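A.B. asks: Note that the protein sequences, when read in sequence, are chains A and B. The opening position of the first sequence corresponds to residue 1 in the working numbering, with each subsequent residue numbered one higher. The opening position of the second sequence corresponds to residue 1 in the working numbering, with each subsequent residue numbered one higher.
One side of the interface only, derived from the structure: several residues of chain B facing chain A at Cβ under 7 angstroms:
1) G42
2) F104
3) G105
4) E106
List time: in silico BS3-like cross-link candidates among lysine-lysine, alpha-carbon distance up to 30 angstroms:
5) K78(B) x K42(A)
6) K24(B) x K78(B)
7) K42(A) x K2(A)
8) K70(A) x K2(A)
9) K42(A) x K68(B)
10) K78(B) x K2(A)
11) K42(A) x K56(A)
12) K67(A) x K2(A)
13) K56(A) x K2(A)
14) K24(B) x K68(B)
15) K42(A) x K24(B)
16) K56(A) x K67(A)
If you are wondering where the hints come from, they were derived from the structure by calculation, not from laboratory data. Owing to the predicted nature of the structure, the values given are computational and were not obtained by experimental measurement. For each residue, glycine too, the CB sits at the ideal point set by N, CA and C.
Residue-level listing of the chains:
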Amino acid sequence: QKEVEQDPGPLSVPEGAIVSLNCTYSNSAFQYFMWYRQYSRKGPELLMYTYSSGNKEDGRFTAQVDKSSKYISLFIRDSQPSDSATYLCAMTPYSGGGADGLTFGKGTHLIIQP
Amino acid sequence: DAGVIQSPRHEVTEMGQEVTLRCKPISGHNSLFWYRQTMMRGLELLIYFNNNVPIDDSGMPEDRFSAKMPNASFSTLKIQPSEPRDSAVYFCASSFLDGGELFFGEGSRLTVL
Numbered sequence: 001q002k003e004v005e006q007d008p009g010p011l012s013v014p015e016g017a018i019v020s021l022n023c024t025y026s027n028s029a030f031q032y033f034m035w036y037r038q039y040s041r042k043g044p045e046l047l048m049y050t051y052s053s054g055n056k057e058d059g060r061f062t063a064q065v066d067k068s069s070k071y072i073s074l075f076i077r078d079s080q081p082s083d084s085a086t087y088l089c090a091m092t093p094y095s096g097g098g099a100d101g102l103t104f105g106k107g108t109h110l111i112i113q114p
Numbered sequence: 001d002a003g004v005i006q007s008p009r010h011e012v013t014e015m016g017q018e019v020t021l022r023c024k025p026i027s028g029h030n031s032l033f034w035y036r037q038t039m040m041r042g043l044e045l046l047i048y049f050n051n052n053v054p055i056d057d058s059g060m061p062e063d064r065f066s067a068k069m070p071n072a073s074f075s076t077l078k079i080q081p082s083e084p085r086d087s088a089v090y091f092c093a094s095s096f097l098d099g100g101e102l103f104f105g106e107g108s109r110l111t112v113l
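Same shape as in the complex, but just chain B:
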C-alpha cells in the first residue's frame, strides 16, 4: 500500500484566501484524523471521522475550518478565509476503527502570508 497520501505538500497563500488540503487514507482503514503541528503547540487533533462520519470536531479552532469525508478514500480540510496564524504543518492519519497503529501522511506545510 502507498500509505496515507496528502496534497499539496507545500502551500503558500495570502491572508484571506481559501485553502483546501486533501487526504487519501490507507485502503481498508475506517478512521481518519486531521492534525495540526506547530512548534508552539505541538501536534493537535483537529477532527476525526469513523466510517466517514465526523465524530469529534472539538479541536477545530473556529468556523473558518471545515472538514469533509465524502467517501472512504478521500477527505478534505478547508480553511476559509486563511490567516497567518494558520501557518503550520497539517497531517492526515488513518487507522482501523477498533484501534491499533495510527499511520500518518507526510503532511501539508501551509504558509499564510
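In isolation and in its complexed conformation, chain A is listed as follows:
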C-alpha cells in the first residue's frame, strides 16, 4: 500500500459545480496536511495547509482533515475554468510543516468545463 493514495482522474465538471478532491493515507504519524495546485507546464504552488484534524476555509476553497479515517479533502465551490489544474495533496509528520519528510500524492487532474 502506498503511503498516500490519490485518484489521478481526470475529473471533469461544469463551471459553477462543487468539486471534491480526496486523498487517503496510511501513516498515522502525518499531522500537517497541504494541497498544492499545479498548472500545466508549471511547478506546484501551495494552495492551502492544515494542521491535524478539522476544516480550514479560504475563499472558495475548504480543506478538511479526518485523521481517524486517514482521509483529507479539498472542496472548491463555484468552480471556475481557471481552477483547471492538477491538485496534489501532501503531508508530513513534522508539526513545523517543514518540507523535509513531505510525501506527495500523485495528483488529480481537474477540468472545469465553461
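Got chain A; can you put chain B on it based on the hints?
C.D. replies: Chain B in isolation, oriented as in the chain A frame:
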C-alpha cells in the same frame, strides 16, 4: 523576488550523454530540494540540502545521479550517463530551514532518446 529559477527548461539528449540541470533558489532560503515528476510515479524527492549540505539523498535512483550545492545561490543535478528511463520533469524547490511553504521552480523537462 524572481522565484526559484531552473535551467534549461527543456533538454533533449541521447542515451549515454551527460545532463546537467541547474537551480537558483530564492534568496534567503536555506533548504533546497530536487524532485522528479513522472506520470507513473508522481513527484519523488531525490535529494535535499540544508545550508548547502546534503541531508538526505536516499531518493537518488542510482550512482548515475549526483547533486551539488557549492553555495547558497546555486545547485546542480547531474545525470551521467543518461538513460531513456530518466525522462521526466525535474523540479527544484526551496524553503526556509525551519519549515513553511515550499516554492517550486517551473521545472526542467528532460527527454532521453
